[in-house]
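> Produce the complete structure using the sequences and hints provided.
2 protein chains.
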Amino acid sequence: MHNVGAKERIELVRGNRNVDRKVNNMCEANAYIRSGQQEELILENVDRIIPVGDGLLLEDIFGHRKHIKARIQELSLVDHKIYLEKLED
Amino acid sequence: MHNVGAKERIELVRGNRNVDRKVNNMCEANAYIRSGQQEELILENVDRIIPVGDGLLLEDIFGHRKHIKARIQELSLVDHKIYLEKLED
Numbered sequence: 570m571h572n573v574g575a576k577e578r579i580e581l582v583r584g585n586r587n588v589d590r591k592v593n594n595m596c597e598a599n600a601y602i603r604s605g606q607q608e609e610l611i612l613e614n615v616d617r618i619i620p621v622g623d624g625l626l627l628e629d630i631f632g633h634r635k636h637i638k639a640r641i642q643e644l645s646l647v648d649h650k651i652y653l654e655k656l657e658d
Numbered sequence: 570m571h572n573v574g575a576k577e578r579i580e581l582v583r584g585n586r587n588v589d590r591k592v593n594n595m596c597e598a599n600a601y602i603r604s605g606q607q608e609e610l611i612l613e614n615v616d617r618i619i620p621v622g623d624g625l626l627l628e629d630i631f632g633h634r635k636h637i638k639a640r641i642q643e644l645s646l647v648d649h650k651i652y653l654e655k656l657e658d
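Residue numbers (the working numbering), protein chains in the order written: chain A, 570 to 658; chain B, 570 to 658.
By construction, these hints were calculated from the structure, which means they are not laboratory data.
Watch out, some of these pointers could steer you wrong.
Note that identical chains are pooled: a pair holds if it fits in a single copy or bridges any two copies.
Straight-line C-alpha distance at most 20 Å; calculated DMTMM-like pairs for lysine to aspartate or glutamate [as the list claims (entries may be wrong)]: (1) K638 with D648; (2) K655 with E643; (3) K635 with E597; (4) K650 with E597; (5) K635 with E609; (6) K655 with E608; (7) K650 with E613; (8) K638 with E613; (9) K635 with E608; (10) K655 with E613.
In structure tokens form, the structure reads like this:
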């Protein structure tokens, strides 16, 4: 194991704290398709949603995108949940 | 000033920490009406959004509700921003 000095250790702790803070402040949500009593998780850690044509463009915090033919049914931000309703083709 | 004992002080500090944590974890967003380059803040600390009829029902974390004839233009959750587009009467 690599031996770290006191100063380096403090930096490591500080670094971890910053990561913690960053993670805590991330306000992404999970997107679910809801039909009846069923909830299907379709994308985690969603950052952005943009209505595009006949659907929605979802983008997660890593930049991954998903286009889905659906509309927003409910947003519950404090619960980190986005409920979508699928549109028929 | 009321004098607090050591045990009580620790509880106070713990209490504050919990409040801090709660505030940090709150993932509400601010809702703006966007038209051209203009952004008008219409509701802060929005928790829930539900499409209702020809508009949106916004509810903040305190339970205050606002109905607005608009549609969602963009959600940017990590930035705590909800952009709406006003619909014509």
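> To test your reading of the hints: which numbers does this structure violate?
Violated hint (a single one): 1; every other hint is consistent with the structure.
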